[in-house]
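Modelling step: build the complete structure from the supplied sequences, incorporating the hints.
To convert, note that position 221 of the sequence shown is 220 in numbering that gives the first Met the number 0; the numbers rise steadily by one, no gaps.
Derived from the structure by calculation, the hints contain no laboratory data.
Heads up, a few of these hints could be off.
[Unchecked claim] No farther apart than 30 Å at their CA atoms in a straight line, the calculated lysine-lysine pairs in the DSSO-like style are these:
(1) LYS147 with LYS129
(2) LYS221 with LYS129
(3) LYS129 with LYS229
(4) LYS129 with LYS226
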Amino acid sequence: MWLRTTLVKGCVPRIDRRPDFRRPRPDASPVLSLRRSTLKYLQVRDYLRSLVVSELRPGDPVPSERMLCERFGVSRMTVRQAVDALVVEGVLERVQGRGTFVAPPKVDLQVRLASFTEEMTRRGMTAGVKVLTSGLVRAEPDIAEALKVAPGEQLIHLHRLRYADDEPMAVEHTWLPAGRLPGFLDGSVPASVYVELDARGLIPDWGEDTIDAGEADHEEAKLLQIKPGKPVLRISRRAFTGDSAIEYSRSAFRSDRYTLWVPVSRPNPPVVPRRRTAAPGATT
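What follows is the structure in structure tokens.
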């Protein structure tokens with residue numbers, strides 16, 4: 000409240016004690032309002048995160064916007080800001096027309112030379128595979144270059160859908176040099192290529208991965224049970240036995256179920272010889 004004097008002709012000056020809403024209140028500064036809004040947003044976000052950790056399970060719905068607004072005394076915009084942050088983190092997921100739910104945990108895909116089956120087993124998950132197609136093909140120029148074979152050379156081609164705990168995780172194309180793997184396709188296709196290679200004394204001892212982000216095409220989306228255009232993690236791998244390429248694969252992983260983990264370390268510092276400082280008066 001502020002004091003204002005009003006002069007009226009023929010009257011004694013009087014004091015007007017009415018509040019003037021044209022002047023900002025001291026506690027209504029934009030900075031303070033922003034801080035309060037930020038604190039409320041963090042409270043809602045942390046509350047939802049604690050529910051996910053201690054009470055809710057993957058697939059469970061989270062409290063509605065109305066309930067959260069009433070509980071914290073905030074606007075829908077603040078609640079949506081908190082939910083958006085957890086959706087970006089992969090903690091929650093929105094399902095159009097249904098609501099917001101606890102997202103399934105992501106599988107951390109470590110970049111190392113191991114089979115899909117080995118990676119899932121290491122995480123306590125049951126790996127599964129569905130062979131979509133298998134057979135002998137002629138090497139296309141790009142595949143031939145990757146495997147260091149002549150274009151048109153005969154290759155084993157496997158098109159497979161990979162599962163973890165009965166959930167589709169990745170679509171995979173694999174090419175192997177047929178000349179080095181006689182009888183590979185006799186009978187059923189091996190569940191794990193690396194196990195079969197190991198049995199033949201051809202287990203890869205090193206390799207290289209090329210990682211890229213992309214969008215699922217219609218075929219991949221149908222197999223992975225996602226919408227076309229959804230982001231996928233694309234990994235191309237060349238695996239070697241000694242100096243010879245033994246496998247080339249292209250995989251599309253569901254980005255909502257995978258996070259890529261790449262361990263890194265600083266290289267050893269180069270050894271730089273120290274320069275000696277000449278003593279005063281010395282000649283070089």
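Against the structure, the hints:
| no. | hint | in the structure |
| --- | --- | --- |
| 1 | LYS147 with LYS129 | holds, 28 Å |
| 2 | LYS221 with LYS129 | holds, 14 Å |
| 3 | LYS129 with LYS229 | holds, 22 Å |
| 4 | LYS129 with LYS226 | holds, 20 Å |
Of the numbered hints listed earlier, not one is contradicted by the structure.
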